Each structure stands twice: as structure tokens, then as C-alpha cells.
Amino acid sequence: MHLLELKNLKKYYATQKAVDDISFSLEEGSIFGLLGPNGAGKTTLLRMITGIFYPDEGEIIFNGKKFEPLSDNLFIGYMPEERGLYKKMKIGEQALYLGQLKGLSYKDALEKTKYWFRRMEMETWWGKKVEDLSKGMSQKLQFVITVLHNPKLIILDEPFSGLDPVNANIIKDEIHQLARDGATVIFSTHRMEQVEEICNHIVLVNQGRKILDGTVANVKQQFKENLFSVQATNLPGTMFSEAFEVIKHNGSKLVVKIKNTSNSNEVLKYFIDNDIMIEAYNEILPSLNEIFIKLIEGTKNSRQFQKVA
Amino acid sequence: MSKIWLIISREYLTRVKNKTFILSTILTPLLFVGLITAVTFISVKNVDKENVAVIDRANILGGKLDNGKAVTFSFVPGVDSLNYKEKGYSAILYVPTDSSDTYRLVSKKQFGLIAEANVEDRINEAMENKMLKNKYNIDMQSLDSARKSAQKAKLDQAYYEGGEIKKGNSSLAYGIGYGSGFLIYITLFIYGSMVMRGVMEEKTNRIAEVVVSSVKPFQLMIGKIVGIGAVGLTQLLLWIVLIIGLSTAASAFLSPDTIQQAADASQQMPNASAGMASNTAKQFEGLKDTLGSANWLMIAGCFIFYFLFGYLFYASLFAAVGSSVNEDPQDAQALLLPITMPIIIAIVIMINAITNPSGSLATYSSMIPFFSPIVMMARIPFGVPGTVPYWQLLVSMSLLVLGFLGTTWISAKIYRTGILMYGKKATWKEMWKWAFRKY
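Listed in order, the protein sequences are those of chains V and A.
Residues 1 to 309 (the working numbering) make up the first sequence, in order.
Residues 1001 to 1439 (the working numbering) make up the second sequence, in order.
FYI, nobody ran anything at the bench for these hints, they're computed from the structure.
The model shown is predicted, which means the values in this text are computed figures rather than measured ones.
A few of these clues could be false.
[Claimed, not checked] If we take Cβ atoms under 10 Å as the criterion, some of the chain A residues that face chain V in the derived model are:
1) L1006
2) K1130
3) S1214
4) L1405
[Claimed, not checked] Here are the simulated SDA-like cross-link-like pairs (lysine to any residue), alpha carbons at most 20 Å apart as the crow flies:
5) K1019(A) / M89(V)
6) K129(V) / R1015(A)
7) K17(V) / T1417(A)
[Claimed, not checked] Pair by pair, the computed Cβ-Cβ distance ranges are:
8) R180(V) / K1019(A): 41 to 47 Å
9) K1019(A) / W126(V): 15 to 21 Å
10) G58(V) / I1304(A): 49 to 55 Å
Glycine included, each C-beta is placed from N, C-alpha and C at the ideal position.
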């Protein structure tokens, strides 16, 4: 079932078309990556999903019904890009306050806050003020506050920015766990390695338009260039075959591009026929980073302002 | 609705529990009353009593010289300028034996101003009485009683109020009017800027985004305004209670006599602040007597109304400004100008209007919502419905309430856009556009 469907969303500002006809859907329980260069319209899109902005055109269907910000907000958790916390408020109190604003009763909020604090090893922080925390710590806190009320849809805007590998890992594991427990997560990021590790579905936007939409595996298949890496001990200086083209040759490592007319078996046949001892043979799928750059290249690096009619 | 309540209690509790708030709420009245008491006390206690031995060879004074507050006179034989110290006197007063009026005071140290004045006064008084007795055969007793009866003429200011004659007291009204006007003026600034700072904090910290994903921006704004207003009200009430309590305690400590002394003393001292302090102390005393003449219930009621609605009227504007500002607090100052200007103008008008509370300046400006909290409050102590007819009061109040609804409506729209708009420098023109933007 689609938890969230966006249909032909448009949001125009006076100086640009921030979101220009974007549609996609989120499956329940999936981890969704919203990618795009700076200025692509990600934040505007996310704000429309949280009900902070209203689209100029298009619809949002949440849980099968038209999206009603005021009531549906209780099922959505939103973590903005920069830390959104009251600096001088005590942490425990703040989590309770924000949880209650989301509709939890005081008792529930208290219980859940305690649970999460214990789980993230934050118990000793209860009485501290936010300004006493380091970036990684406040990020963890923000995360806890976002998921406190067991939202069905969790929206994270750049959740890993500024985190060291250990903390980033912790958040990553939590996201996995939440998805396993039935929540749907959508997060926007620039960090492609993270996307590859966590997401099962991605959407790439640029200049307000969607340019990619699919599972990670599909996208990679879509953009593969038929590159394969071969590791062999006795590679000859030159190789010639109708099956492939040598792209790179570094000692025992070889990168070849299989021609459209051929396939892996013929390549392997070549090596075997030539008594070359193969140690490893792998497909080189493009990294999302490469795909990203490939697609965005050609468009201007930063978003230009335009006059919207 | 309960969400607004949540916001209100958070805004209220975080501020009220703040150490700075508690300190300033308790210390301010303490300092205020304490300072006045201390100054009064010191100026009085500063007076040493001097013992003066009087040498009256020609017996001009007839062996009698009244003691002053700071001086006691003794007519003793056998004291002269050499032995007066041993005998326990601090000075010798030589009454002239000839027809000159120069009395000579020899002392071991310089007499204080008060003591000196005392000596002179007493001597003059004695001379006066003597002369009256000798020349006109009037003795002290009859003179005194004549004076007392003459004092009876007092100006009883009365005015006609709805069929009754009510006692008027313009200086009291003046004081209350001035005081209330200023109090509201200060409050508007303090709590208005508190609202603005709170909004700015939420914007720069991005907490606004998180909260706005749970509640409507309007709820956040109103919750904040009401919460901070409650803090202001709490502080006001605490101050009133503390000031009344402390000044009652202080006046028990200082007898009316002491206060009178201080007032006298201050008249002779060139020290202005001491004079002011003791005058104020005198006012405290005087206040008690004239308490009955003012219509306290009406004044207090109107004060609370204008305090609250004046705050509500302006607070939303402060919130709107706060929402438009980015990191630079300088922007805030610039944007704030069109809002602080009316408040300042109101005080200026009030200072003028209070001398003529029924005049057209006072009347018209007490209707305009921008000025009414301050100006109307200054007019009311002069009498409702005497100086301020009921219809005027009603119009003023209704306009203020309508005004508050209006400013809140516009500010809510500006706020809604402003708190999420980063990077763009806002001007009032820009903000005006936001107010009419569709979402």
C-alpha cells in the first residue's frame, strides 16, 4: 500500500519554480532517499509533505485519503536540516513538551522519552540544557524527538550532516529498525554512500523536476556501462577480443567493457582459452555518486533565478 | 485548543522559573522602598544633638530658649569659653549685651547645617515672641491658638459627578495618572521585546519548523504572546504586593515625625536626591490620608484592562517583527522603529495631556488604540465619569479591542511566512506582501 502519494505537485515562488510537477509514491515500510543538488527543491517538497507549505497545484494523498495537515501531522515526524531545539530548555522537558505537542499524553510522552533515552544511552542528559550538548549529541536528541510519537512517516532532512562515523552508524541502525517495525522513512541527503547503504528506493530531483525514480538496484542497472573488473595473475600486455574492450590495465587488475553484442561468458571464455588464471571477476556497477554527477552535469551548477510568468 | 494551552504553559513556566526573573521581581521593589527608607533614615539620624550653654549677661532672652530638634539650650552660670567642653557642652552661645543682633556661637567643631539652622530659628522665635509681648502685649499662648485656627482654611476641591459632589484631589490624580502611564509604557517595551526575542530565537534555532509541523503557526504565536503576558501580569502583581507590603513595613519603621524631620532637613540641604526621597516618603504618608478620595476600584479595573489590551495590541506587532528578522539583531532595531514610535509619542502626549485631561489633545488621543493605553490611563484618575465620560471610556476600550484583533490578524499572517523565510532581508514593504500572500 502506498503510504504517501504525490501527484503533480507544483510550488512556484516569484523568482523560481521550486517544485515543478513532481509525482512519486512511497511504499509503506520502505526507506526512501530524496536526492538532488542544492536548490533542487527538496526542502520545499518536504515542507509540503509536512503541511508547512501548501502546494500551488497537485495533490498529496496520505494513507489513502487527502492529506490533512492538522490531523495527519500526528502521524508524521519531521526533523529539519538544522538543529531545531530551544537552547536554554532542559532536554528531558523539551522532549516531553514536543511529544505532547504531537498529541501524546503526558504519561505516554514520559514513558516513551525514558525508553528512547535509555536506548540511545542518553539517560544522564535529562537535566542538561541543549546548549551544553555537542553537535552529535544534539543530533541524537533531535532524532529521538522526531520518532517519539511512533510516527508512520518519518521525514529527515540531512540527518547525517556533521556526524562522525560512529554516530552516523547509530542513526543508520535506528532507521533500519524503525523501518522493520513498520514505519516509512524518507530522508534527503547529499551523501550518496549512505543512500546506497540504507535506501531501497530513491528519487533524484533537479531544478524542481524529477529525473530519477526507482529502487537502488534498478537505477544502477539503468546506468550500468557494462564494465567488469578482472583480476588475474598473468595478464598479457595486450589483449584483443571481439567480446570486449580494455579500459584500464593495472598490473593484475583489469577493467573491461563488454560490447553490446557479447556477454560475460564470452569474455571468460577468452581468458580461459588464453590460459590466463582468473582470480576475481566482478561487475562494476556505477556508484550513485557517479550517476548523480552524470545526470546533474550539463545543468548549471547552482540554481538560477528566473521570472515566473 | 489544548495545544495552545501547552504552549502557553511552556512559555510561562520557562520564564517564571528563570533565576533572573525571580531576582528582578523581588529585588526591584526591595531596592525601591529600601532606598527611600534608607535615605530618609540617614538624613534624619545624621543629626547630632548639640548641647549649647547660653551666656545671657543682659538677660535679653529672659532665661528661656526653646530647644530645637538638634539643639538643647541650657542657661547655666559659670560656663565660659574655656571650660564649656569639660562641663559637657558642645558650644557656647553669647547673647549680645549691646544693641547689635549678632549672637556668637563658639563651638569645638563646626555645627551641622541643621543644628545651625535650629539655633538661628530658635533665637529668632524667642526674639519674635519677646517683641510681640513687649510691644503689643501678645503672649505666646494666644498667638499660637490664633495661628492654629487660621490654618483651618483648606482648599477642598470638589467637583460635580453625576449628582454627587465628590472630593477631588488633582495632585493625587496627577501622580496616579503619571505613574500608570509610565508603568504601561515600560511594560510595553519590556514584554514586547521579550515576545520579539522569543520569536527570533525560535526562528534562528529552527525550532519553529519543528513546532509548526505539530501546530499551526497562529497557535504558536498566540501561545507565546499569552504566556509572556501572563509573566508580565505575574510580575506586576508581585511588585504591587511587595511594594505595598514593604512600604507599610517601612512606614512603621519610620514614624511620621521622622519623615517630617527628613522633609525639613532636606529643605535646608542642597542635596536634591535626598530631598526627593524624603518628599516621596512624605507622599506615602499623605497617600494614606487621601486614599478614600480616589475611586480605586474603577482605576484598578481600567488599569488592568489597558495594561492587558495595550500589551496584546502591541505584542503581536513585536512578534511580526521578530519573525521577519534573520540573524542580525540590527535588522530588528530598524524594523522595530515604526512600532516603538507610537509608544513614545503616546508618552509625550500623556505628559502634556495630564496637565489638561479634558482637553481635545487628551480626549482624541485617548481613543486611538496606538495611544489609548497610556493616555487614557493618565486621564482616568481624574475622575470617571467626571473628566472622562462613560461613552468616551467605552469607545476607547472597544477601539482598543478591535485594534488588537486587527494587529493580531495581520501579524499572524506575517509571522506565518516570516518564521520560515531564511536569508531574505525583510522590509515593511516585504512584510506587507506576506500579509496578503496565499498559502
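Do the hints match the structure? See the list:
Because the beta carbon of L1006(A) sits about 6 Å from the nearest beta carbon in chain V, less than 10 Å, this interface hint is met. This hint is violated: K1130(A) has a C-beta 76 Å from the nearest C-beta of chain V, more than the 10 Å allowed. Among the interface hints, the one on S1214(A) holds; its C-beta lies about 4 Å from the nearest C-beta in chain V, closer than the 10 Å criterion. Because the beta carbon of L1405(A) sits about 23 Å from the nearest beta carbon in chain V, more than 10 Å, this interface hint is broken.
Between K1019(A) and M89(V) the CA atoms are separated by roughly 13 Å; this keeps the pair inside 20 Å, and the hint holds. Of the supplied pair hints, the one linking K129(V) and R1015(A) holds, its CA atoms being roughly 15 Å apart against a limit of 20 Å. Annotation: proposed proximity of K17(V) to T1417(A) holds, straight-line Cα distance about 18 Å (limit 20 Å). The given range of 41 to 47 Å is respected by R180(V) and K1019(A), whose C-beta atoms sit roughly 46 Å from each other.
In this structure the hint that K1019(A) and W126(V) lie 15 to 21 Å apart at CB holds, the actual value being about 20 Å. For G58(V) and I1304(A), the hinted distance range of 49 to 55 Å is satisfied, since their beta carbons lie about 50 Å from each other.
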